[in-house]
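**Q** Chain order of the listed sequences is A and B. Residues in the first sequence are numbered from 25 upward in steps of one, following my numbering. Residues in the second sequence are numbered from 739 upward in steps of one, following my numbering.
It should be emphasised that the hints constitute simulated quantities derived from the structure, not laboratory data. Every value quoted in this text rests on a predicted model; they were computed, and no experiment measured them. Yeah, the Cβ is synthetic: ideal placement off N, Cα and C, and Gly gets one too. Do not rely on the hints blindly, as some may be mistaken.
With a Cα cut of at most 30 Å, we get these calculated DSSO-like pairs of lysine-lysine [unchecked claim]: (1) A/K125 - A/K50; (2) A/K50 - B/K906; (3) A/K125 - B/K906.
A few chain B residues that don't get close to chain A, going by computed Cβ distances all over 10 Å [to be verified]: (4) I812; (5) E863; (6) G864; (7) G898.
Covered stretches of chain B (in silico footprint by chain A; criterion: 3 or more residues with CB under 8 Å from a CB of chain A, positions within the stretch not fixed) [to be verified]: (8) 752–764; (9) 833–843.
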Amino acid sequence: MIPLSWYLIFAAALFCIGLFGVLSRKNAIAILMGIELMLNSVNVNLLAFWRYLNPNFVAGQVFTVIVFAVAASEVAVGLALIISIYRRRSTIVAEEINLLKY
Amino acid sequence: MTPLQIIFLIVAAITLGGALMVVTTRNLVHAALWLVLSLFGIAIIFVLLDAGFFAVAQVVIYIGAIAILMIFAIMLTRRVAKDSGPQINATWPIAGIVTLALFGGLFTVLQNWQQIHVLPPSFPEGYDPLQQLGVELVSPNGYLIPFEVASILLLAALIGAIVIAWSKTK
């Protein structure tokens, strides 16, 4: 059987890779991809804790369902924002969208 | 090493490699395709965790909807002339240091935690986790209200996405 630690370390590594993407990419869509990776690692963690520590308690799965819904809505709103910005400013590079900087 | 462990290691390596390609590759369409590979790997991880329903939901929602939506957005927002520059911030070494520090911290905390090497308990006789989840999601004593809140959130997000992306010029 696979120990719990493998899942947790895998999820931690995936979260850190996603965080690196969010912090280092220029393109706003690539930043959203990093956020997707981070949300997925959270799902892995939730399901691993549900399966290993308390399989009779269904809350871990319910949380995963809600994370799925939140991820879907976040991507829909985020991509709509990106397309709207692109239409006005012809760019989606995060450092060129600096109207609020001053 | 049991066969399950070998499968886990292979899938985890593919998933992490795909994730690394997502955050480092220059071509955004390729990044989206690597994201699809990575999400497939996570679906297999869900199967290994006895959560088959979530593996199917992962394939349908993440790969079928979210990744395809991202590919559409990439195609709608392309700047052919300016796509050739670097795709990574100048401050990426700082981001790398922060990320490595976070991973090191998480790793240390996990190593010092007593229950980390626990093995999964077997399900009781006649217990079906999926059936239990279905009952709890629609029972008023269970998680009906969070479930409905999630659906309202989805509805609001879809209406919001339409309003935001609406073109006002005729």
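**Q** Hint by hint, say whether it matches the structure.
**A** Status of the hints after comparison with the structure:
1. A/K125 - A/K50: Cα-Cα ~17 Å, so holds.
2. A/K50 - B/K906: holds, 28 Å
3. A/K125 - B/K906: Status holds; Cα separation ~26 Å.
4. I812: violated, 6 Å
5. E863: Per Cβ check, B/E863 is outside 10 Å of chain A; nearest 12 Å; holds.
6. G864: holds, 12 Å
7. G898: Incorrect as stated: the minimum Cβ-Cβ distance to chain A is 5 Å, not above 10 Å.
8. 752–764: It holds: at least three residues are needed, and the stretch 752–764 of chain B offers 6 whose Cβ sits within less than 8 Å of chain A.
9. 833–843: holds (count 7)
In this structure, the hints that do not hold are numbers 4 and 7, in rising order.
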